[in-house]
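Following the hints, position chain B against chain A.
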Amino acid sequence: MSKIVSILEDIKPGIDYENCKELIDGHYLDSLSIISLIAELEDEFDITIPAIEIVPANFNSVEQMAAMVERLQEE
Amino acid sequence: MRLSGFLGAGSATSMTSFFSWTFFMVFIPLCVISYTLVPNKLKKYHLLLASYVFYWLVSGELIIYLLLSTVSIRCFGLWLDRMQSKMKSTFSTVPKEKKKETKKRYIKKQRLIILLAVFLHIGGLLFLKYSAFFTFNINKLFEHFNIPVVLAIPRYLLPIGISFFTLQALSYILDVYHGVIKADRNIGRLALFLGFFPQIVEGPICRYSQTAEQLWNAGPVKYENLTFGLQRFLFGMLKKLVIADRLSPIVIEIFDKYNEYSGAIIALGAVSYTIQLYMDFSGSMDAVIGIAQIFGIRMPENFERPFFSRSISEFWKRWHITLGTWLKDYLFYPIVTAGKMKKLTASARKKIGNHFGPLLAGSIALFCVWFCNGLWHGSGWNYIFFGMYHLVLILSGSAITPAVNKINNQLHINADSFLYRLMQMVRTSVLVVIGELFFRANGLRNGFAMFGKMVTGLLPSLPDKQGLINVLIRTGRNSKDLIIVAVTLAAVFAVSVLNEKRISVRDELAKRKILIRWAVFYLLIVYIIIFGAYGAGYKPIDPLYAQF
Numbered sequence: 002m003s004k005i006v007s008i009l010e011d012i013k014p015g016i017d018y019e020n021c022k023e024l025i026d027g028h029y030l031d032s033l034s035i036i037s038l039i040a041e042l043e044d045e046f047d048i049t050i051p052a053i054e055i056v057p058a059n060f061n062s063v064e065q066m067a068a069m070v071e072r073l074q075e076e
Numbered sequence: 009m010r011l012s013g014f015l016g017a018g019s020a021t022s023m024t025s026f027f028s029w030t031f032f033m034v035f036i037p038l039c040v041i042s043y044t045l046v047p048n049k050l051k052k053y054h055l056l057l058a059s060y061v062f063y064w065l066v067s068g069e070l071i072i073y074l075l076l077s078t079v080s081i082r083c084f085g086l087w088l089d090r091m092q093s094k095m096k097s098t099f100s101t102v103p104k105e106k107k108k109e110t111k112k113r114y115i116k117k118q119r120l121i122i123l124l125a126v127f128l129h130i131g132g133l134l135f136l137k138y139s140a141f142f143t144f145n146i147n148k149l150f151e152h153f154n155i156p157v158v159l160a161i162p163r164y165l166l167p168i169g170i171s172f173f174t175l176q177a178l179s180y181i182l183d184v185y186h187g188v189i190k191a192d193r194n195i196g197r198l199a200l201f202l203g204f205f206p207q208i209v210e211g212p213i214c215r216y217s218q219t220a221e222q223l224w225n226a227g228p229v230k231y232e233n234l235t236f237g238l239q240r241f242l243f244g245m246l247k248k249l250v251i252a253d254r255l256s257p258i259v260i261e262i263f264d265k266y267n268e269y270s271g272a273i274i275a276l277g278a279v280s281y282t283i284q285l286y287m288d289f290s291g292s293m294d295a296v297i298g299i300a301q302i303f304g305i306r307m308p309e310n311f312e313r314p315f316f317s318r319s320i321s322e323f324w325k326r327w328h329i330t331l332g333t334w335l336k337d338y339l340f341y342p343i344v345t346a347g348k349m350k351k352l353t354a355s356a357r358k359k360i361g362n363h364f365g366p367l368l369a370g371s372i373a374l375f376c377v378w379f380c381n382g383l384w385h386g387s388g389w390n391y392i393f394f395g396m397y398h399l400v401l402i403l404s405g406s407a408i409t410p411a412v413n414k415i416n417n418q419l420h421i422n423a424d425s426f427l428y429r430l431m432q433m434v435r436t437s438v439l440v441v442i443g444e445l446f447f448r449a450n451g452l453r454n455g456f457a458m459f460g461k462m463v464t465g466l467l468p469s470l471p472d473k474q475g476l477i478n479v480l481i482r483t484g485r486n487s488k489d490l491i492i493v494a495v496t497l498a499a500v501f502a503v504s505v506l507n508e509k510r511i512s513v514r515d516e517l518a519k520r521k522i523l524i525r526w527a528v529f530y531l532l533i534v535y536i537i538i539f540g541a542y543g544a545g546y547k548p549i550d551p552l553y554a555q556f
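Just so you know, the sequences run in chain order A and B. So in the working numbering, the last spot in the first sequence is 76, and the numbers never skip. So in the working numbering, the last spot in the second sequence is 556, and the numbers never skip.
Chain A on its own, in the form it takes in the complex (with noise of 0.2 angstroms):
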């Protein structure tokens, strides 16, 4: 969790990642922000991201990616 949060602060900083839950609903991050973030979490978590995993249900709250994250690594 950590990591991402770092990841993300690195990306667009003056967000309070660690509780705002509509990252993208509301707004907070933008299609190019979402690019840098999934070649960071690929490089970071040695995984891939496909484009159908792209969906607000799992980038609206660091919690959200982080249960992602896990799930392709286990796959």
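To be clear, the hints were calculated from the coordinates, so they are not data collected in a lab. Do not take every clue at face value.
Residues on chain A that point at chain B, a partial pick, calculated with CB under 7 angstroms [what the hints assert, rightly or not]:
(1) HIS28
(2) ASP31
(3) LEU33
(4) ILE36
(5) SER37
(6) ALA40
(7) ALA52
(8) ILE53
(9) ILE55
Calculated Cβ distances over 10 angstroms to all of chain A for the following chain B residues [to be verified]:
(10) GLU69
(11) LYS94
(12) VAL279
(13) SER437
(14) VAL528
Don't be surprised by glycine CBs; every beta carbon is placed ideally from N, CA and C.
Same frame as chain A, but now just chain B:
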């Protein structure tokens, strides 16, 4: 007889749907009353029948395209499903080391199916909607290179809503391919998902997972849904009939005869068109969502108060949301997550950093998105220019963000202060108005001419009272029209401000006494009847997005 025939509103492709008296005084009441009378088990068939009757009334024999699309997505869905089942059963029998290869083989087969589906659906749309545009430009090229060939420009009748239901059809097939949904064997459910009558003309562009089950399981009309749905429908009517349609003649006059007006009046035309388009399209969406709610169906929202956006990027998350998310999910993300693009992103990040690297890679995907967005709206260079204009604004906005943040930090500017946010909203709105000027102009050449005249002539010609008087006289309007538009706009703006603060006017109203609730309800109806732009001197105006 077609609905358009009742109203004398043009050809088979030009009809008045949601805002025709025939539609809401005859079709909708008949539909709701008969819907309540049929047994629950048959309600879904009633909705399907009503949808096809509606489509037949507005499009006649062109209904064949809707039927073909429905049959096509059923076949493609089941074909993909069969392939996926085969893959699973083969998977369980092959040794572990061969699983990857087997999966690759089946994915390749599924991709071929998808390619064929895209070719048929998008190909059909391109053929019907863009043949004339492509042929015209090929002829221009021949002329430029002195090739003595002139191709006949084809003219096809365009089925109403084809741009919308084609995207819905493709989203269904792609969702089956991605495993988001299971292929549906029930052709009735697919037909209703694709052809549900309120949404087929202008959207919203729904996903199968959002509406198919709801529609097929539609239950009895409930009091709360009926009142909330009617309120939303009336609010849409207020936007469309009182504001958009009242502005329409003024917009037509200024855009058609811009040579006769000053820069200030052209600016007024651009602002009026932006308001007209927003009120027309969002009003139509209110009507669609309201009608659907009467039947207990929750449609996705297509607008989220776009003029409160602080950047163009945010604007497009709040304007025509379902088109934006469609392009993002089925075009943008598949492109940026493709193998080669990921490699490009990684290498660009190493060379030009974490901000500009993804921006460079993203710009390729964004180019595709905005080219398609522009072209989707219509077959004209001004639409393509409109797409490219927004692409440039989004990319440049993103490129300068780090520098702007740095300057703000150094100058201790609070980017969340009201004034700063207001300035951002005004800037975004001005940029949107300029884009809409090109979008509405009668061709790209006229767009540039209008823009040039507006920029160079705006300040010297302010305030052009005589120009405004001329517009009003030529369109048969007067200052009362402007006052009605201004007062109604102020009311809509007040509702938007409350919604932006997460205060639901409808919920607040529902808490009041029945007398107050019904007084507001009747007031709204009376206001629309008195101030709506219809009757003598007004032609019924098609919803603007129906032509796209």
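Hint-by-hint comparison with the structure:
Using the Cβ-Cβ criterion of 7 angstroms, the hint placing A/HIS28 at the interface with chain B is satisfied: the shortest such distance is roughly 5 angstroms. For A/ASP31, the suggested interface contact is upheld, since its CB lies about 5 angstroms from the closest CB of chain B, less than 7 angstroms. Interface hint at A/LEU33: satisfied, since its Cβ lies 5 angstroms from the closest Cβ of chain B, which is below the 7 angstroms cut-off. Taking 7 angstroms as the C-beta cut-off, the interface hint given for A/ILE36 holds, the closest approach to chain B being about 4 angstroms.
At a threshold of 7 angstroms, the smallest CB-CB gap from A/SER37 to chain B is about 4 angstroms, leaving the interface hint in force. Among the interface hints, the one on A/ALA40 holds; its C-beta lies about 5 angstroms from the nearest C-beta in chain B, closer than the 7 angstroms criterion. With its C-beta approaching chain B no nearer than about 4 angstroms, A/ALA52 sits inside the 7 angstroms limit, and its interface hint holds. For A/ILE53, the shortest C-beta to C-beta distance to chain B is roughly 4 angstroms, which falls under 7 angstroms, so the interface hint holds.
Interface restraint check for A/ILE55: the shortest CB-CB distance to chain B comes to about 5 angstroms, inside 7 angstroms, so the restraint holds. With a closest Cβ-Cβ approach of about 38 angstroms to chain A, B/GLU69 is found to remain outside the 10 angstroms limit, as its non-interface label requires. Non-interface status of B/LYS94 relative to chain A is upheld: no Cβ of that chain comes within 10 angstroms, the nearest being about 20 angstroms off. Distance check on B/VAL279: its Cβ is at least 25 angstroms (rounded) from any Cβ of chain A, clearing the 10 angstroms threshold; non-interface status holds.
Consistency note on B/SER437: stated as away from chain A, and its beta-carbon is indeed over 10 angstroms from all of that chain's, at 17 angstroms minimum. Listed as outside the interface, B/VAL528 is consistent with that label: its C-beta sits roughly 30 angstroms from the nearest C-beta of chain A, beyond the 10 angstroms cut-off.
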